Amino acid sequence: MTILQDAPPAAAAPAVRETMTMAAALNRALADALAEDDRVVVFGEDVGALGGVFRITDGLRARFGEERCFDTPLAEAGIVGTAVGMAMNGLRPVVEMQFDAFAYPALEQIVSHVAKMGNRTRGAMRLPIVIRVPYGGGIGGVEHHCDSSEAYYAHTPGLTVVSPATPQDAYALLRAAMRHPDPVVFLEPKKLYWAKGEVDTSITAELGRAVVVRPGSDVTLIAYGTSVPTALAAAEAAGAEGRSVGVVDVRTLAPFDDATVTDAVRATGRAVVVAEAPGFASVAAEIAARVGERCFSYLEAPVRRVTGFDVPYAPPKLEHHYLPDVDRILDAIDTLYPDEA
Amino acid sequence: MPRNPTHRPAHPREHPLAPGDLLPRDEPVRLLDETGASHADERYGMPPKARLLEGYRALVLGRRLNDQCTALVRQGRLAVYPSSHGQEACQVAAAMALGEGDWMFPTYRDVVAIASRGVPPAEALVLLRGDWHSGYDPARYGVAPQATPLATQLLHAVGYAHAAKLRGESTVVLAMSGDGATSEGDFHEALNFAAVFHLPVVFFVQNNGYAISVPLARQTAAPSLAHKAIGYGMPGQRVDGNDLPALLAVLDEAVERARSGGGPTLVEAHTYRMQAHTNADDDTRYRESEEVQTWVARDPLTRMRALLTSKRWLTQAREHELVAEAEAMAAGLRVAMTDEPEADPEELFRHVYATRPPALQEQWELLADELSRSEASAGSREETP
Numbered sequence: 001m002t003i004l005q006d007a008p009p010a011a012a013a014p015a016v017r018e019t020m021t022m023a024a025a026l027n028r029a030l031a032d033a034l035a036e037d038d039r040v041v042v043f044g045e046d047v048g049a050l051g052g053v054f055r056i057t058d059g060l061r062a063r064f065g066e067e068r069c070f071d072t073p074l075a076e077a078g079i080v081g082t083a084v085g086m087a088m089n090g091l092r093p094v095v096e097m098q099f100d101a102f103a104y105p106a107l108e109q110i111v112s113h114v115a116k117m118g119n120r121t122r123g124a125m126r127l128p129i130v131i132r133v134p135y136g137g138g139i140g141g142v143e144h145h146c147d148s149s150e151a152y153y154a155h156t157p158g159l160t161v162v163s164p165a166t167p168q169d170a171y172a173l174l175r176a177a178m179r180h181p182d183p184v185v186f187l188e189p190k191k192l193y194w195a196k197g198e199v200d201t202s203i204t205a206e207l208g209r210a211v212v213v214r215p216g217s218d219v220t221l222i223a224y225g226t227s228v229p230t231a232l233a234a235a236e237a238a239g240a241e242g243r244s245v246g247v248v249d250v251r252t253l254a255p256f257d258d259a260t261v262t263d264a265v266r267a268t269g270r271a272v273v274v275a276e277a278p279g280f281a282s283v284a285a286e287i288a289a290r291v292g293e294r295c296f297s298y299l300e301a302p303v304r305r306v307t308g309f310d311v312p313y314a315p316p317k318l319e320h321h322y323l324p325d326v327d328r329i330l331d332a333i334d335t336l337y338p339d340e341a
Numbered sequence: 001m002p003r004n005p006t007h008r009p010a011h012p013r014e015h016p017l018a019p020g021d022l023l024p025r026d027e028p029v030r031l032l033d034e035t036g037a038s039h040a041d042e043r044y045g046m047p048p049k050a051r052l053l054e055g056y057r058a059l060v061l062g063r064r065l066n067d068q069c070t071a072l073v074r075q076g077r078l079a080v081y082p083s084s085h086g087q088e089a090c091q092v093a094a095a096m097a098l099g100e101g102d103w104m105f106p107t108y109r110d111v112v113a114i115a116s117r118g119v120p121p122a123e124a125l126v127l128l129r130g131d132w133h134s135g136y137d138p139a140r141y142g143v144a145p146q147a148t149p150l151a152t153q154l155l156h157a158v159g160y161a162h163a164a165k166l167r168g169e170s171t172v173v174l175a176m177s178g179d180g181a182t183s184e185g186d187f188h189e190a191l192n193f194a195a196v197f198h199l200p201v202v203f204f205v206q207n208n209g210y211a212i213s214v215p216l217a218r219q220t221a222a223p224s225l226a227h228k229a230i231g232y233g234m235p236g237q238r239v240d241g242n243d244l245p246a247l248l249a250v251l252d253e254a255v256e257r258a259r260s261g262g263g264p265t266l267v268e269a270h271t272y273r274m275q276a277h278t279n280a281d282d283d284t285r286y287r288e289s290e291e292v293q294t295w296v297a298r299d300p301l302t303r304m305r306a307l308l309t310s311k312r313w314l315t316q317a318r319e320h321e322l323v324a325e326a327e328a329m330a331a332g333l334r335v336a337m338t339d340e341p342e343a344d345p346e347e348l349f350r351h352v353y354a355t356r357p358p359a360l361q362e363q364w365e366l367l368a369d370e371l372s373r374s375e376a377s378a379g380s381r382e383e384t385p
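Protein sequences appear in the order of chains A and B.
Note that my numbering has the first sequence beginning at 1, numbered continuously upward.
Note that my numbering has the second sequence beginning at 1, numbered continuously upward.
Treat the hints as calculated values from the structure; they're not laboratory data.
There could be a bad hint or two in this list.
Label pairs and their computed distance ranges (CB to CB) [said to hold, decoys possible]:
#1 B/A280 x A/H155: 50 to 60 Å
#2 A/A13 x B/Q363: 38 to 48 Å
#3 A/L318 x B/A343: 29 to 39 Å
Away from chain B, derived, C-beta distances all over 12 Å, residues of chain A [to be verified]:
#4 A12
#5 P14
#6 R63
#7 F102
#8 R120
#9 M125
#10 S149
#11 L159
#12 E198
#13 E241
#14 R243
#15 F280
#16 A301
#17 E319
#18 T335
#19 P338
No experiment lies behind these values; they were computed from the predicted model shown.
For each residue, glycine too, the CB sits at the ideal point set by N, CA and C.
Looking at chain A on its own, in the form it has when it is part of the complex (with noise of 0.2 Å):
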């Protein structure tokens, strides 16, 4: 078939609402795309015949065709540069990085190019292109599978950086991603890949907007990705000790949503950020600064940090020692109240 021209959408893929994967409510995103708009491809290293290391392109070559899901050249700087010019010819490149630390290789292409034609070109030239790039760690991975790579990117003043926590939200914000007019960087946390969650395709999900996932009156956690459920389960445990924390989900880490985050502290005077990678010039660092300029008159303690040390990230045998865990959120949950020590 030849596809691909500027026509109107095809109609909406029916709405469904069931139990599913973070994997397979990604898939469900990629296909309801495809099926709905000709302009969108997905192309990467082995997501073609065998869909995808983690599955998630799981099918589509099969349904949509060699034309619209397509394996590359093993060449990540290749991958996201062909994106650019694609996405300058009126196609919504979808790209698949297959691991975090895989992506490095197109660092340059995304920094300069993805994230800025938009503004070279004063608009001129916008790249809706999405660069799926699964992340983090807590799977057990040997070296350069499961680094944070998210500081790379958010610092980079064009690009939209998105991170999903749940199947809904995978949906939801991928489908949001495919249909923005910037690029988008779309983090997929693995170690949750396989978390189930009830989908509802019909609900949408807007960009740069954080959400609230747990309402609390004495601390606000904030975290993103494979942070949330691990802030949720401390926020549970604290409950248990009598305290009420919340968690706000960030989801979109850049541009940042300063105003839920702030809304949320402010009603708390506490604070932990919650992220695995490394703190050091962190998008956790980010959002403390903020929370601190914009909150601290409303503040009971310092704003706290419970991130990844400032190491390579662990071999598997030791990554327990290296990820923020329960225990550690609650031990810096306790630092909020000194008078209690």
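We have chain A already, so just place chain B on it with the hints.
Then chain B, alone, in the frame of chain A:
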């Protein structure tokens, strides 16, 4: 640009080219010798008279544009200018080889090619003047923004061509680079993707001998840059880069191959950067003036003028007309460059995202406040006697 729907074969050629068909010639293709006498070639014919005259006009305008830009740098009207003086035949041929719906992906040294493709010189110089990062609407001219990181644009060119193929359009994409860029990883990835997906791309390398100060011998040990093509499974060809008829013949063939579904080609033009890398460079530190002088004798304009004059296709009256046209263009450019438009500081925030995020709006308000306070204090100083 108008789109040109066409049927393109869905599958690569049934009979892949034999390795011998992928190799370039031992010597660059040449249709003019150094005196401008024409030189018959068994495969590449001399382009017709009208095309040669059109090309000569573009050469005259291109040389004048280069020299005017160099003068504008000296006057402080341009921040920097990487001149293509001596490479104008490559610049002109790049533009002439393409049709209306085709695309060019140029570098910072390709201002003359961009202008030859129809972009007004003042718009082509916005990057080098420092007003903004690019000054023209790419889709209006079929010219991508000028790339300064050397090889990244080659992948954009390949992606553009891939989309054209998927959309069933007959677009051909010319991907431009210099000899230094062939050492970059993106050059390799671009040629590999173009060949694997059998895309309508012509890779056009202007080998001018130097990457700033580093000579070609430090970029490659290959017999020629065009020899790299066989490693990707595409044809490569070498051409005298100061010979406009040969450039047109070789590029025309490559464009036709791309348009008819024959896939990509790598063309290496052997030329010479007659001037320093930019005004900020001192080329006496790395090359001898004798070397530069040997290339003066191969000047692309001189050779074309000799050819056209010997055939009596170029009269003195026509030559005067062309000089007058070039002077008028240069005068217009000087006026455009003298006129300093007020740079709008809000533009810094306007195009980063399609919708301005609240944090960027806050930052713009901060800057706007700074500006209004500095204006107010300037005003109060003026009132003070």
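Hint-by-hint comparison with the structure:
no.: 1; hint: B/A280 x A/H155: 50 to 60 Å; result: violated, 29 Å
no.: 2; hint: A/A13 x B/Q363: 38 to 48 Å; result: holds, 39 Å
no.: 3; hint: A/L318 x B/A343: 29 to 39 Å; result: violated, 53 Å
no.: 4; hint: A12; result: holds, 23 Å
no.: 5; hint: P14; result: holds, 27 Å
no.: 6; hint: R63; result: holds, 17 Å
no.: 7; hint: F102; result: holds, 14 Å
no.: 8; hint: R120; result: violated, 4 Å
no.: 9; hint: M125; result: violated, 6 Å
no.: 10; hint: S149; result: holds, 19 Å
no.: 11; hint: L159; result: violated, 9 Å
no.: 12; hint: E198; result: holds, 30 Å
no.: 13; hint: E241; result: holds, 36 Å
no.: 14; hint: R243; result: holds, 31 Å
no.: 15; hint: F280; result: holds, 22 Å
no.: 16; hint: A301; result: holds, 25 Å
no.: 17; hint: E319; result: holds, 31 Å
no.: 18; hint: T335; result: holds, 29 Å
no.: 19; hint: P338; result: holds, 32 Å
Hints 1, 3, 8, 9 and 11, counting from the list given before, are not met by this structure.
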